[in-house]
Amino acid sequence: MATITLDQVRKVYGGVVEAVKGVSVDIADGEFIVLVGPSGCGKSTLLRMIAGLEDITTGEIKIGDRVVNNVDPADRDIAMVFQNYALYPHMSVYNNLAYGLKNRGMAKDEIDRRVKEAARILEIGDYLDRKPRALSGGQRQRVAMGRAIVREPAAFLFDEPLSNLDAKLRVQMRVEIKRLQRSLGTTSVYVTHDQLEAMTLADRLIVLNGGNIEQIGAPIDVYDKPASTFVAGFIGSPAMNLLPVKAVDGGLGLETGSGLSVPNLHGQDKCLLGVRPEHLEVVDQLPNGPHAQVTVNVLEPVGAESYLYASFENGGPEIVIRVSSHAVHKPGEKLFLGIKPENLHFFESQSGKRIGD
Amino acid sequence: MKKVLFQSRLVPYLLLFPQLSIVIVFFLWPAAEAVRASFYLEDPFGFGSTFVGFDNFVDTVTSTDYGRVARFTAVFTSLVTFLSLGLALLLAVKADKVLRGSSTYKTLLMWVYAVAPPVAGLIGVLLFDQHVGPIVDFVAIFGWNLNIGVDYYDTAFAMTVTAVWKQVPVNFIFFLSGLQGISKSVQEAASIDCRSGFRRFWTVTFPLLAPTGFFLLIINITYAFFDTFGIVDILVKNEPGNNPVTLVYKVYLDGFRGNDLGGSSAQSVILMALVFILTVIQFRLIERRVHYN
Ligand SMILES: Nc1ncnc2c1ncn2[C@@H]1O[C@H](COP(=O)(O)OP(=O)(O)OP(=O)(O)O)[C@@H](O)[C@H]1O
Ligand SMILES: [Mg+2]
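Chains as they are written, first to last, in the working numbering: chain U, 1184 to 1540; chain P, 551 to 843.
One chain only, chain P, in its complex shape:
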């Protein structure tokens, strides 16, 4: 590592200032505000607030609605993470077979997939559009009358598929570059040592991909938890009552629709704690993880 010495002791702080101010203004301050608000009962019309201690947290955690949403979020997150990782890995393994040795292909494919995710998200939503969405028409052939935004399970289905659809390309890129990073001769040595390609995958390729996979696991959990807000918002169509929503969406619902700022702040503090735990796990494990070669 190269060490740079600054003449003035002020320069480093000056250089860090823009980044630090963004962190303070957009992250630390709102977070602190949320923590403060979670201990108060806010008057819906803005006329003052009363300190209520942990009441907001107790109310939140004990409400049946919260339990229901938390359960859905857990199922949704697991499904989205598992499916988008699994599908991406499958596709990446296939692509890796084709790509070995031909770098033109690789660059092209990387390009396509680098621009894909936002577009894919948009298309995903369009595919499930109640009026023009081809998937709705397609499943209708089999007698499944998809009622997105009306039927709880239909909406959950659409939500999961769209979220997976949007995340697969990102995972694909990471898995593919992870696979390409595995030395060709290690793969060849394995093909001499083990006949079954399936077994080879699970005993050599997969473990070598584990650091990538673990990194993606955290990314995907975070994604399913937080970044699916837009998808949820579009699919529930302002009818959150009988539709599935995630915990993050519920924060928004309770805070801005229900005007329960205290309860919503308590929920976001719980989520913050969750993110914190996730981050700690990630750093702990990444530190211990092997960096091959």
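Here chain U stands alone, though its shape is the one from the complex:
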């Protein structure tokens, strides 16, 4: 078990593609860090640099107290779980788990003990003699996990380990990975583009965008106070509503169209207003505080709740409202929406940076 320290880590592919642009972060011992961001933002590259599968262009990576920039992947004391599991097709499950231990010269009975223990924890004991091709996707996933845990490494690295599983299994394995990481207490870095996975697994999230860190923080903090419109749009589903607003008599109103009135808390001429779908409340009468007036377009029931798509008058933007699954609204219906001032987010129009705290 160990800390992982990244200091101004950069990766340039072939002298042109700057995939990671100077990332610094201190990962505590035993912490579960999730790297999240859209496709191509450099998540895998960063993880692979920690693993030693990719050279570090500049900067420094430390695992524990040791700078590992020039340390061989096998000597970094990390274990990695790959998206396609990367099991050795010609080895039995047992040997898949034992391979890394054998190569480290571990005694046979100790290997056996560890493999059996991992098999017990992951419930793959019945398949130890099978080849990977005779396993289902979920079972392969477990074997891949097993290969990581038998090593008892300083850190686990996961690169989208669940994205090849079906939705149900994904949720099940997600819970299991979390439980496993908690009980083993091994420092983990987990890459995903799925914000839900990120939210549920992480002690701390790192939101990456175009090779830069947009925000680091506990999932709930990132959710409550997104540092930029990028994070606001990425974390949370449905995404936060972002509306271009300008100063109008004593408050803020929509840039195009009418039907919105919120206080100008930060004295902006122009900015982006952010409101999460669950913070828009359908009310009977036009409230005194911040409010909006919209016309219903579509009601989308998803079971436990429904999403209401509605637009402002005069061609204003469309917004999403989270409502109870029993709410009944017809297209064309006019609605009053109340918003609590503490649930308003403000972002700079140009940079997208959060205004205020």
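These are computed hints drawn from the structure, not numbers from a lab. The C-beta atom is built at its ideal place from N, Cα and C for all residues, glycine as well. Please note that the accuracy of each hint is not assured.
[To be verified] Distance condition first, Cα-Cα at most 20 angstroms in a straight line; then the derived SDA-like pairs of lysine to any residue:
{"no.": "1", "chain 1": "U", "residue 1": "1285", "chain 2": "P", "residue 2": "738"}
{"no.": "2", "chain 1": "U", "residue 1": "1361", "chain 2": "U", "residue 2": "1376"}
{"no.": "3", "chain 1": "U", "residue 1": "1453", "chain 2": "U", "residue 2": "1411"}
{"no.": "4", "chain 1": "P", "residue 1": "734", "chain 2": "U", "residue 2": "1272"}
{"no.": "5", "chain 1": "U", "residue 1": "1361", "chain 2": "U", "residue 2": "1347"}
{"no.": "6", "chain 1": "U", "residue 1": "1291", "chain 2": "P", "residue 2": "749"}
{"no.": "7", "chain 1": "U", "residue 1": "1314", "chain 2": "P", "residue 2": "761"}
{"no.": "8", "chain 1": "U", "residue 1": "1453", "chain 2": "U", "residue 2": "1430"}
{"no.": "9", "chain 1": "P", "residue 1": "734", "chain 2": "U", "residue 2": "1320"}
{"no.": "10", "chain 1": "U", "residue 1": "1285", "chain 2": "P", "residue 2": "755"}
{"no.": "11", "chain 1": "U", "residue 1": "1314", "chain 2": "P", "residue 2": "760"}
{"no.": "12", "chain 1": "P", "residue 1": "734", "chain 2": "U", "residue 2": "1347"}
{"no.": "13", "chain 1": "U", "residue 1": "1314", "chain 2": "P", "residue 2": "757"}
{"no.": "14", "chain 1": "P", "residue 1": "647", "chain 2": "U", "residue 2": "1255"}
{"no.": "15", "chain 1": "U", "residue 1": "1408", "chain 2": "U", "residue 2": "1538"}
{"no.": "16", "chain 1": "P", "residue 1": "734", "chain 2": "U", "residue 2": "1274"}
{"no.": "17", "chain 1": "P", "residue 1": "734", "chain 2": "U", "residue 2": "1303"}
[Said to hold, decoys possible] Listed next, the stretches of chain P that the computed footprint assigns to chain U, with coverage defined by at least 3 CB atoms under 8 angstroms from CB atoms of chain U:
{"no.": "18", "segment": "733-744"}
{"no.": "19", "segment": "751-764"}
Given chain U, put chain P with the ligands in place with the hints provided.
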């Protein structure tokens, strides 16, 4: 698998007819003819033939000459197979390192190697030419006076090198595409699990390459046995007496030079049996072989 139903029951046979007639005319008929001839003593001048039972086979197998040629063929085949597979694998592993990720290179290289084998064969023979061959001149520097077509061992050496030289590109292509077929993340997982690249090669890469390797092994044995006829023919220069020849070449020598059609047929029947065994082994093992992914 898609199943196609033909209206008429005749159509499938009609479609197969060209292929079947080629097989019958050029393979089955001559083979049957060889089997028949192997039981007869043919008059060299074409005046009839006498049934002699297994005499031709007995004569063939017991002749010292046949034993000598068979031994050479075995050594030659093993050497050519081992060397051309080994060299090709070595080159393919090096090329694979360079190629990972750059597909333009790959296509280019594949092209070069796809046109190479016939050309390489020609060059190989030229390299050993007694008069203009650079290899002959080169080894002369070290005091080795290569006498191809005269000295038994010199000819054997040239034969082996030329045969290997000609076969390496073919093996290379197969090995390279086999290597490229191994998942990158499996290689990476191995590099985390095992520090030594050498050990990694033998425990992960090589076993994953085994199906390709096995297929090539059979191909190469067949090649060394049968397809080296041209090389042997050029190098022994009509002096088969004190030069090494392969079993296939001996069939030709005895049949067409020695006019011993019965004996030569017996030899080719033995070779046919060998090919048959090889084919059975191949099918048996390929069936049992794993097809990864
Ligand atoms: N070997 C490479 N050579 C050149 N560019 C590369 C290489 N690998 C990745 N890149 C580029 O680096 C950037 C980051 O890639 P990376 O694989 O880290 O993205 P990612 O965040 O993991 O995306 P995804 O969610 O799709 O896996 C991309 O623009 C990609 O095209
Ligand atoms: Mg990735």
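For each hint, the structure was consulted:
1. A C-alpha spacing of about 17 angstroms is found between residue 1285 of chain U and residue 738 of chain P, which places the hinted pair at or below 20 angstroms, so the restraint holds.
2. For the proposed pair residue 1361 of chain U and residue 1376 of chain U, the alpha carbon gap of about 17 angstroms is at most 20 angstroms, so the pair holds.
3. Distance restraint check for residue 1453 of chain U and residue 1411 of chain U: the Cα-Cα separation of roughly 16 angstroms lies within the 20 angstroms cut-off, and the hinted pair is therefore satisfied.
4. In summary, the hint linking residue 734 of chain P to residue 1272 of chain U is supported, as the alpha carbons are separated by about 13 angstroms, within the 20 angstroms threshold.
5. Using a Cα cut-off of 20 angstroms, the hinted pair residue 1361 of chain U and residue 1347 of chain U holds, with the two alpha carbons roughly 18 angstroms apart.
6. Proximity of residue 1291 of chain U to residue 749 of chain P is assessed by CA-CA distance (about 19 angstroms); at most 20 angstroms being required, the pair is judged to hold.
7. Between the alpha carbons of residue 1314 of chain U and residue 761 of chain P the distance comes to roughly 16 angstroms, so the proposed pair stays at or under 20 angstroms and holds.
8. Taking the CA atoms of residue 1453 of chain U and residue 1430 of chain U, the gap is near 6 angstroms; set against the 20 angstroms cutoff, the hint holds.
9. Our distance criterion of 20 angstroms between C-alpha atoms is met by residue 734 of chain P and residue 1320 of chain U, whose separation comes to about 19 angstroms.
10. Our distance criterion of 20 angstroms between C-alpha atoms is met by residue 1285 of chain U and residue 755 of chain P, whose separation comes to about 17 angstroms.
11. Note on residue 1314 of chain U and residue 760 of chain P: the hinted pairing holds, with a Cα-Cα distance of about 16 angstroms set against a maximum of 20 angstroms.
12. Restraint check for residue 734 of chain P and residue 1347 of chain U: satisfied, since their Cα atoms lie roughly 17 angstroms apart, inside the 20 angstroms limit.
13. At most 20 angstroms may separate the alpha-carbon atoms for a hinted pair to count; residue 1314 of chain U and residue 757 of chain P meet this at roughly 14 angstroms.
14. For the suggested pair residue 647 of chain P and residue 1255 of chain U, the alpha carbons sit about 17 angstroms apart, so the restraint of at most 20 angstroms is met.
15. This hinted pair checks out: residue 1408 of chain U and residue 1538 of chain U have alpha carbons roughly 10 angstroms apart, not beyond 20 angstroms.
16. Under the criterion of a C-alpha separation no larger than 20 angstroms, the hint pairing residue 734 of chain P with residue 1274 of chain U is consistent with the structure, at around 17 angstroms.
17. Distance restraint check for residue 734 of chain P and residue 1303 of chain U: the Cα-Cα separation of roughly 29 angstroms exceeds the 20 angstroms cut-off, and the hinted pair is therefore not satisfied.
18. Here's how the segment 733-744 of chain P fares: 10 of its residues keep a CB closer than 8 angstroms to some CB of chain U, so the rule of at least three is met and the hint holds.
19. Against chain U, the segment 751-764 of chain P contributes 5 residues with a C-beta closer than 8 angstroms to a partner C-beta. That satisfies the three-residue criterion, and the hint holds.
In terms of the numbered hints stated before, the structure departs from hint 17 and from no other.
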